[in-house]
Amino acid sequence: MTDKVKQSGMNGRVTMREALIMLCALALWLLITSLCVGFRPEHGLLALLIAALFFACRPTRRLVVALLPFIVFGISYDWMNIVHNYEVNPVDIRGIYETEKQLFGITAADGSTLLTPNEYFALHRSVVMDFLGGVFYLCWVPLPIAFGLYMYFTGRVKPYLHFALVFLLVNFIGFAGYYIHPAAPPWYVAMHGFDFQLGIPGEVAGLGAFDDMTGLGIFHGLYGRNANVFAAVPSLHSAYTLVALIYAVRSRMKWWSVILAVVTVGIWFTAVYTSHHYLIDVMLGICCAFVGFLLFEQVFMRSKPFARFIDRYAAYVAPGRR
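The sequence shown begins at -7 in my numbering and counts up one residue at a time.
If you are wondering where the hints come from, they were derived from the structure by calculation, not from laboratory data.
Incorrect hints may have been included.
[Claimed, not checked] Quick list of simulated restraints, FRET-style, between CB atoms: (1) 147 to 105: 55 to 63 Å; (2) 47 to 182: 47 to 55 Å; (3) 80 to 301: 30 to 38 Å; (4) 257 to 294: 26 to 34 Å; (5) 187 to 49: 52 to 60 Å; (6) 172 to 116: 32 to 40 Å; (7) 99 to 18: 54 to 62 Å; (8) 137 to 51: 17 to 25 Å; (9) 51 to 76: 37 to 45 Å; (10) 90 to 164: 28 to 36 Å; (11) 79 to 193: 13 to 21 Å.
Even glycine gets a Cβ: it sits at the ideal position worked out from N, Cα and C.
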């Protein structure tokens, strides 16, 4: 590295090495996405936003690097369209439905019919829960990101990085589950039975009630673009805010702990209430959160090279660093 480049880094300007790494990473992402997934306008807009923030000034550059775990999460989720999970393993449709009924079945009013919890709630709707369920489900990613940003900007840089990297790790564990055991959600059985059918679009299911009462159409927009409906096990909806809750409690952040606890339990209930997940899915999602947390804190962080990497990462992205 030349003295000129070193001096530019000290003055807060991006170094040649940093610029090359960022530009190559963005080019590689866009190339793979264009060839294997299909380029969409939002890909270009996101790339421009990342580049603009990275090259604008030192504080925004630190922020972009700090947010890399969430950026990688979004890219990896998109890249699951390269190879769909139903192309890797057979889809479980009837098996998980029958298992759910055996483990958690509820006897219907006639005294003889056994219903899954999803089927029971489909017969017992509540306007209050329709609304609250929509509110809870809208928090599944935005609230953990908001929590992470709060940690970052209030100086809890290392706890933030632990949280963000565990969030990413939990996603990787969950994505692996999608490929190991592809499974249909409860609404699929209710609408299409037990036959495997390709080309079925995403479905809002019980969340449609929130769209209807608010007129916002948020969930129709979100689920209408879901190209793979056979990614129900585990329920990562049930894991995301739980990971944030774990780190809120760990960092003694009282009000965040209360908010995240309420939303987390609300999401668990809503996942079943709206027929997006079985109780089995929710429980496995909870397991993913704890497995990711324990793996990171009790295994990875006990590795001295990894711990040193976290220290360097924290030092690089710290908001107050000169």
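For this session: State the violated hints by number, sorted upward, taking the hints as numbered earlier in the document.
Result: Those not satisfied: there are none.
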